[in-house]
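Trainee: So you can see what is in the structure, the chains are spelled out below.
There are 2 protein chains.
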Amino acid sequence: MDSHIAPVDMKKAYRLLNHGPTVLVSGRYDGVDDVMAAAWSCALDFSPPKLTVVLDKATRTRALIEQTGTFVIQVPTVAQLQLTHDVGTVSLASDPDKLQRSAVKLFDIDGYDLPFVAGCSAWLACKVIPEPHIQQTYDLFIGEVVGAWADTRVFENGHWNFERADPALRSLHYIAGGQFYAIGEAMSAVVDPAVNA
Amino acid sequence: MDSHIAPVDMKKAYRLLNHGPTVLVSGRYDGVDDVMAAAWSCALDFSPPKLTVVLDKATRTRALIEQTGTFVIQVPTVAQLQLTHDVGTVSLASDPDKLQRSAVKLFDIDGYDLPFVAGCSAWLACKVIPEPHIQQTYDLFIGEVVGAWADTRVFENGHWNFERADPALRSLHYIAGGQFYAIGEAMSAVVDPAVNA
Chain A
1 MDSHIAPVDM KKAYRLLNHG PTVLVSGRYD GVDDVMAAAW SCALDFSPPK
51 LTVVLDKATR TRALIEQTGT FVIQVPTVAQ LQLTHDVGTV SLASDPDKLQ
101 RSAVKLFDID GYDLPFVAGC SAWLACKVIP EPHIQQTYDL FIGEVVGAWA
151 DTRVFENGHW NFERADPALR SLHYIAGGQF YAIGEAMSAV VDPAVNA
Chain B
1 MDSHIAPVDM KKAYRLLNHG PTVLVSGRYD GVDDVMAAAW SCALDFSPPK
51 LTVVLDKATR TRALIEQTGT FVIQVPTVAQ LQLTHDVGTV SLASDPDKLQ
101 RSAVKLFDID GYDLPFVAGC SAWLACKVIP EPHIQQTYDL FIGEVVGAWA
151 DTRVFENGHW NFERADPALR SLHYIAGGQF YAIGEAMSAV VDPAVNA
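Going down the list, the sequences are from chains A and B.
According to full-length UniProt numbering, the stretch in the first sequence is residues 1 to 197, in order.
According to full-length UniProt numbering, the stretch in the second sequence is residues 1 to 197, in order.
Hints are computed from structural coordinates only; laboratory data are not their basis.
Only a predicted model underlies this, so the values are computations on that prediction, with no experimental measurement involved.
Put simply, identical chains are the same to the list, so a pair is met inside one copy or across any two.
Listed below are the simulated SDA-like cross-link pairs for lysine to any residue, each with C-alpha atoms no more than 25 angstroms apart in a straight line:
| no. | residue 1 | residue 2 |
| --- | --- | --- |
| 1 | Lys-57 | Pro-130 |
| 2 | Lys-57 | Glu-144 |
| 3 | Lys-12 | Ala-176 |
| 4 | Lys-127 | Thr-137 |
| 5 | Lys-105 | Thr-59 |
| 6 | Lys-11 | Thr-59 |
Kindly produce the complete structure, drawing on both the sequences and the hints.
Mentor: Okay, structure coming up:
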């Protein structure tokens with residue numbers, strides 16, 4: 001595992017997704033790994049941390065996840081713009097070399113039989129909370145986060161540091177047709193201690 | 001209605017949320033309007049457009065929405081940073097002057113008995129698709145988008161123009177503790193026509 005990767009306090013794991021980045025979803029079953037991009041993933045709860053992700057029935061990644069009930073949500077970086085686009089447009093079903101062709105490199109984390117995508121800024125290992133009705137009707141999956149890690153060069157002590165980190169580590173926010181935005185400027189609201197009491 | 005506000009093609013309405021902005025949720029029932037902030041809202045489907053939003057049981061806005069089954073999701077701007085923070089931290093239950101104190105101005109759109117927040121960049125009028133189990137268990141609501149509008153100075157012809165618009169119109173992406181990021185730089189992946197065929 002890369003020396004920059006460190007576990008994230010589970011109480012702060014929701015912050016890895018709170019700003020709405022486009023993510024990569026990965027799964028593993030029976031010797032097959034797949035990775036797809038998803039703009040439609042969102043935090044759902046603080047503690048234990050939960051998230052939602054929309055997984056189209058046509059995706060091979062969903063088929064893998066349905067076999068094991070486990071998956072990884074990871075936050076790709078500006079350096080992975082093309083990779084993110086490519087794994088979101090090519091299917092493993094039509095191109096068995098998808099991951100290699102998309103320049104995806106995988107790594108392992110001890111204790112998790114899941115494929116983690118190297119070069120991302122954050123990783124959330126998840127367990128599907130089975131909700132068959134919404135999975136079938138809306139392609140909507142609920143995951144409980146069972147492990148969280150981040151690249152300490154851009155997320156440390158429970159906070160993103162996009163404003164100080166290498167710009168190549170910024171998160172991606174997909175629109176359509178290959179068009180993305182990177183995350184931008186940091187800004188703070190005035191916090192009234194009385195209001196938050 | 002502000003002269004800059006124009007309807008958005010329903011097939012492109014998902015793009016208003018695709019980049020994961022923090023949103024404002026508003027509801028109206030029996031003469032009461034409320035507005036709250038939500039970082040946990042996400043696109044769910046293209047056509048008809050659907051979305052998800054997490055509404056805590058403690059919020060007054062949820063109580064209004066449960067009465068009518070309708071609500072508005074709107075995308076606040078950098079100019080509304082403090083407003084967004086304030087409506088997300090104060091409850092109408094404890095402060096009846098919440099909206100006034102947060103400098104929220106509402107406007108109407110013909111045909112919708114809902115409070116729209118002035119100064120946002122996009123508005124999605126929604127109808128709750130009742131899913132009582134996930135509403136109760138996860139505070140997760142599914143909405144079908146029944147009307148969509150945007151400020152043409154920042155979203156036109158189905159595309160965001162953050163890179164050319166007034167920076168005050170950028171979307172906000174909340175982390176925690178009053179800390180936000182604005183959306184940043186536009187970037188494009190190389191789109192292979194053969195791959196997308």
